[in-house]
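Asks: One letter stands for each residue in the lines below.
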Amino acid sequence: MKFLNSKIGRLTVMSAAIASLGIMATVAKADRLADVKKAGVLHCGVVPGLPGYGFINKEGKMVGFDIDLCHAIGAAVLGDAKKIKTTKMSLPVAFNAMKAGSVDVVTHRFTWTFGRDVGTGLDFTRVMVFDGQGFMVRKKLGVTSGKQLDGATFCFSSGATTEGNVADFAAANGMKYKAVTFGSMGESQKAYNAGRCDVFTTDKFGLGARRTSMTNPSEHMILPETISNEPISPMVPHGDQVWKDIVVWTLNALIAAEEHGITSKNIDDMRDNSKNPFVQRMLGKTGKFGNKIGLGKDWAYNAIKAVGNYGEIWERNLGKDGLGMPRGKNTLHTKGGLLISPPFR
Amino acid sequence: MTGLFSFWRKGSVRSLFYQWGLVFALSFGIFFVINTAKENLERLGIKTGFGFLSDEAGFAISQSIFDYSTASSNWDAIVVTFANTIILSVIAGLFATFFGFFVAMARLSGNFLLRKSGEVYVEIFRNIPLLLQLFFWYFAALKMLPDKRQSVNFFDVAYLNIEGFMSPTPVFEAGSDAIFWSILIAFLLAITIWFWATRRQTNTGEPFPALTVGIGLIFALPLIVLWLLDFPVTWDIPKFGRFNFEGGMALQPEFVAMLFGLTLYNSAFIGEILRAGILSVDKGQREAAGSIGLSQIQTYRKIIVPQAMRLIIPPLTNQYLNLAKSTALAGAIGYADLFWAVNGAMTTQTSQTIELQAIILVSYLGISFFIATVMAIYNYYTKIPGK
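Top line first, the protein sequences correspond to chains A and B. Taking our numbering, the leading residue of the first sequence gets 1, the next gets one more, and so forth. Taking our numbering, the leading residue of the second sequence gets 1001, the next gets one more, and so forth.
There's no promise every hint is true.
[Said to hold, decoys possible] Derived pair list, reagent style PhoX-like, types lysine-lysine, alpha-carbon separation capped at 25 Å:
# : chain 1 : residue 1 : chain 2 : residue 2
1 : B       : K1148     : A       : K176
2 : B       : K1143     : A       : K139
3 : B       : K1047     : A       : K140
4 : A       : K244      : B       : K1047
Calculated from the structure, these hints are not laboratory results.
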């Protein structure tokens, strides 16, 4: 075994070992549901720093709308909302991590666009927030419309759809603008707050959230224009249809629960006593919906029990118990909004 | 070992076997990585290729020396931001070397206060992570600079505010080609004079102030030409529009903060490299120079520095490489460098991750290779002949 003790011998063995490890690593990626069950933990990619959506609260815990969605999926798959692991990422990193499949789901506010969906190695699941991009300016500028922003300086953060939207808006209105683009939304906001830019721009719910953390929130105003549609959707890796179905239908269940009046508080009563066949099927009292997507019959029950229905999640994080933002288009279709779940039939 | 394996006892056969074994193992490893990547890309339905480079970039770049708009192509965006990376690296490299020289002088000084200040400077700037320093300088700059509507006015031609320092740009009119030619001629003349002066000093021992004359020539000749041509240059002066100054050029706080941070951080290292080089020259050399009546400055220029250089160049090369690579942090504070553009906006908009990462790798490798080559050539010409 002199060969193995020689330097070159050791190198050769090591190279072979690394190569064979690589083979094993790639073979294991096919069935994500099995992987998650085996690991016993759901791995979510989140982009921290936005109040209401995903941020670290006073107790040092990651909380927010995005995080609750992760809890819901974790509860549906593993039966326990606590069995999640959140990895904090920057926007471009989250995007690449999703493509590489190194996280199970990204619940951050990513806008669903053609360019991001097609031929990119990831899939969008369902729209959870209907948002649109807006502009925030200082009141003292005396601007009342986005069309008066010709020649202004915009603060952006790199890798978002915001840059492209402003470019389109400027082209359509014959405007010129200057841009300063930062590595993260946090720096971008700080620079605007310091006066480096005239305009801070992101999705309107995001603007509302961020205005609360300006030095003097009352100095700033959000202009009336909404320059884009920003349908926000969680993402999963492309090519695993079973896994995608699980995420999509867990999210659907949260919306259906609101429509049928199921809350985290009354859910046990609803499951046992509701006469509504949709509710019975969804909560696993009748039918085998859970088994059909590879989960237990309690999957939807667990998700709703853990974080509540869509309305509860909204109010806790973005609504009256959180940032105090109106729901806008994010109400049920029965109340004139855009939220609708395909039926549990 | 039986007779059949007796060839194995030959050292050269064995080493040949090991070497080829390693080559095969490595080739297999590389093939395996590429093959896996290909399979994964196919499975995920990602299209590969560099066709996206001619697509519209669709994002704005805050600072560019070429014409660039959101309608320009991805390739244009890469060229513009690559130029930004080079500009920042070169200027920061020059500044860091310049300041590093003073840091070294301070640390070698006989004056206690100066020596200790140098030490404190080095310990502070080289021990705090660069990214923290960049954030500090950037947001400190934004805090100090005046609001856009309270700009500091320099004679109605230049202004300073939170957008940066706005100054006029020259607009060259007909006949101004002569200026560029005169600068070129002045350069050639200066180089000729330098060669002549060196030869004369070697032959006769008489020195000639070639450097002073050369620099004077480079400035004087174009000015004379300008005067003869009756100044065919007008100025584009910045004017305040609805929100910002328009026209002229702007030195933006993002660039200045990057320059500041990189200069201070790297000058601490470079100062130590220079100090080590100078200290490595034997004390006897200094005493010998003194004994033949060379002044302090002459001793440094002709005796110490040429010998110190041989020790300084290799670590200085490393420092320049570090500096060039660390410009990739620029995106954090909004300076539009290559890494910022390619890894940020372009990655999420085109999702050609592998191609874009390859472009970044090749670009930085190119920059590093260029620096290393230039320094190696310099090293070759300054080494002791025969060693």
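Asks: Look at each hint and say if it fits the structure.
Replies: Hints, verified against the model:
no. : hint             : in the structure
1   : B/K1148 x A/K176 : holds, 18 Å
2   : B/K1143 x A/K139 : holds, 20 Å
3   : B/K1047 x A/K140 : violated, 49 Å
4   : A/K244 x B/K1047 : holds, 22 Å
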